[in-house]
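Quick note on this note's numbering: the sequence shown kicks off at 1 and runs consecutively.
Keep in mind that the hints were calculated from the coordinates and are not lab data.
You may find that some hints are simply not true.
[Stated by the list, open to error] Here are the computed distance ranges between Cβ atoms for each label pair:
| # | residue 1 | residue 2 | range |
| --- | --- | --- | --- |
| 1 | P36 | V59 | 52 to 58 Å |
| 2 | N3 | A28 | 41 to 47 Å |
| 3 | P53 | P32 | 56 to 62 Å |
Keep in mind that this is a model prediction, so the values were computed, not measured.
All residues carry an ideal CB built from backbone N, CA and C; glycine is no exception.
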Amino acid sequence: MSNMCLVRVLAVTVLIAGCATSPPPAPAPVLPPPEPVKVVTPPPVVVAQPPEPAPVVVVTNPLSEDDQ
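Construct the entire structure; sequences and hints are all you get.
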């Protein structure tokens, strides 16, 4: 029984070693690019948010020297 297990382990290690040392497979043939597929994107979902209070802008000098 132990001999069969040993043979299996040896066979697996030989297979792994063979795969590691084998040359890389031939590159796949280059196919022409497929036609572009139009992807229909759904409209973005707008999450309703509570209105924030508007910031209060205090204008102390509407006509500054930089604007003129």
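Structure-based check of all given hints:
1. P36 - V59: 52 to 58 Å: Check passed, 53 Å falls within 52 to 58 Å.
2. N3 - A28: 41 to 47 Å: holds, 42 Å
3. P53 - P32: 56 to 62 Å: Holds - the Cβ-Cβ distance for P53 and P32, about 59 Å, lies within 56 to 62 Å.
Every hint, counting from the list given before, is met by this structure.
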